[in-house]
Each structure stands twice: as structure tokens, then as C-alpha cells.
Amino acid sequence: AQSVTQLDSHVSVSEGTPVLLRCNYSSSYSPSLFWYVQHPNKGLQLLLKYTSAATLVKGINGFEAEFKKSETSFHLTKPSAHMSDAAEYFCVVSVRSGGYQKVTFGTGTKLQVIP
Amino acid sequence: DAMVIQNPRYQVTQFGKPVTLSCSQTLNHNVMYWYQQKSSQAPKLLFHYYDKDFNNEADTPDNFQSRRPNTSFCFLDIRSPGLGDAAMYLCATSREQGVATDTQYFGPGTRLTVL
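Protein sequence lines, in the order shown, are assigned to chains W and E. Mapping of the first sequence onto this note's numbering: residues 1 to 115, in sequence order. Mapping of the second sequence onto this note's numbering: residues 116 to 230, in sequence order.
Heads up, a few of these hints could be off.
Partner residues are not named here, just some residues of chain E that face chain W (Cβ under 7 Å, in silico) [what the hints assert, rightly or not]: (1) A157; (2) P158; (3) G197; (4) G199; (5) G213; (6) V214; (7) T216; (8) D217; (9) T218; (10) F221; (11) G222; (12) P223.
What follows is a list of derived Cβ distance ranges for each label pair [what the hints assert, rightly or not]: (13) W:I60 x E:R226: 23 to 29 Å; (14) E:T141 x W:S84: 39 to 45 Å; (15) W:L56 x E:N178: 32 to 38 Å.
These aren't lab readings, by the way, just hints derived from the structure by calculation. Computed from a prediction, not measured in an experiment: that's the story for all the values here. The beta carbon of each residue, even a glycine, is placed where N, CA and C say it ideally should be.
Working from the sequences, and respecting the hints, build out all of it.
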């Protein structure tokens, strides 16, 4: 079984300051990990994914995440927040289970960017 | 651009009146998913198709059905919508089944209101 914990339901940052969205996972198998972003009334867009290659993953819009197996974490960061980053972010763990891709979503973190 | 399209974007129906939501994709992916997302919650998988093989999640109510007449199209039928079925419905696709590293590509969603 796998699970995902997003430690903060809401994060508020000032424009131009760093962003840190935290995600911890548990998995019986070697997982793949994803971050998706969802703007209001829109679908989910892939930001980045970890698939057992480089542990530091760079994504779109300046976001990156580091896979730390020892800490079972996959935190999302961005050096400087932009107003357009205000959205909800989902951390997702994916494993192969019983011939299927088993995907588990975290509960989401809403990012507020203050001008 | 290859994409996942959902129609309509907003759907209003009456309590108990059947409704059908539509999804199409130009990615030529083998797997199509339907998720239900209630306000401020993570998406919840209802079912998925691998080609024509239908896979229902154990806790998906019988009120929800799906059809996939061809590779490009998938429909979600709600036979007798209740007030609790008001939600955003997200369609997603992935290239293959059972590949943990596969990205799921999401459509913009259909927001269903039940009066």
C-alpha cells in the first residue's frame, strides 16, 4: 500500500520569495512521484516527475523537487514566487500494482501569493 | 496540439435526471480515466479503460457507468444524479496500463451542478 502526506493544506508567500511545498510518501514498492498544479476550475497540469533517474528533478515554470529516499520526501520548491503560481498543488505517488498503475493523490496544498 | 478535451465544461442537471459527460483525446493513448473531485479535495478515481477493458474501482457507486466506443472517446453516465454527485469530473489519459512512470494527462474538467 502507498500513501501521500502533504504537510500543509495552505501556504502563503510574498511575491518574489521562495516557495516550499512539502510532501512525504510511503510505498511498499519503488515509487514514481509527480507534482501536479491545478488552477481554479481547470484540470491538472504536470509540473514534474521523478522516475528513479536523477534525484533532483526540474520542471516547468521554474519549479523543482528533490527525491530523498532516506526521508521519504519529495518537496517542491521554487526560488521566487510569481502571482501566477497561486493555485493548488498535488503530490502523487504511482506504483505498479496487480498489472495496473496505482496512483495515490495527496490532499493538496493551496498556494497563495501576496503582492 | 495533442490534448484531452471535455465537454461540456459546465453541466447543470436536475436531481434524478440522467446526465452524460464526454471526453475525447488526440494523444492516441490506450488508457482513459474518470476522476471525481469534490471541492477542496483530491481527485478520486472512479474507473478506467485500458483499450476496451473496463476497470471499476471497488467503491464506485453503481450509479456511475462508462462507455468507450473507440480509442478517442470516453463517456461518463450518471444514471440518477443525487445532490452528493455535484463535483468536478476529470478525464485523464496515459499511454499504457501498469507503467508506474507514465504521466496522466488531464482534461480541463466538467463541473456538474445538481439542482
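Checked hints:
At a threshold of 7 Å, the smallest CB-CB gap from A157 (chain E) to chain W is about 4 Å, leaving the interface hint in force. Given hint, P158 (chain E) at the interface with chain W, holds; its Cβ is 6 Å from that chain's nearest Cβ, closer than 7 Å. For G197 (chain E), the interface hint is violated, since its Cβ never comes within 7 Å of a Cβ in chain W; the closest pair sits about 22 Å apart. A distance limit of 7 Å between C-beta atoms decides the matter here; for G199 (chain E) the minimum to chain W is near 19 Å, and the interface restraint is violated.
For G213 (chain E), the interface hint holds, the least distance from its beta-carbon to any beta-carbon of chain W being 5 Å, beneath 7 Å. Here the hint on V214 (chain E) is kept, as its CB sits about 6 Å from the closest CB of chain W, short of 7 Å. Checking T216 (chain E) against chain W by beta carbon gives a least distance of about 4 Å; that is within 7 Å, so the hint holds. A hinted interface residue such as D217 (chain E) counts as satisfied when its beta carbon comes closer than 7 Å to some beta carbon of chain W; here the least separation is about 6 Å, so the hint holds.
Annotation: interface hint on T218 (chain E) holds; nearest CB of chain W at approximately 6 Å, less than 7 Å. A cut of 7 Å between beta carbons decides the hint on F221 (chain E): the least distance to chain W is about 4 Å, and the hint holds. Interface hint status for G222 (chain E): upheld, as the beta-carbon distance to the closest one in chain W is roughly 5 Å, under 7 Å. Taking 7 Å as the C-beta contact cut-off toward chain W, the hint placing P223 (chain E) at the interface holds, the least distance being around 4 Å.
Range check, I60 (chain W) to R226 (chain E): about 25 Å between beta-carbon atoms, so the 23 to 29 Å window is met. Roughly 26 Å separates the CB atoms of T141 (chain E) and S84 (chain W), a value that falls outside the hinted 39 to 45 Å. Between L56 (chain W) and N178 (chain E) the C-beta distance comes to about 45 Å, which lies outside the given range of 32 to 38 Å.
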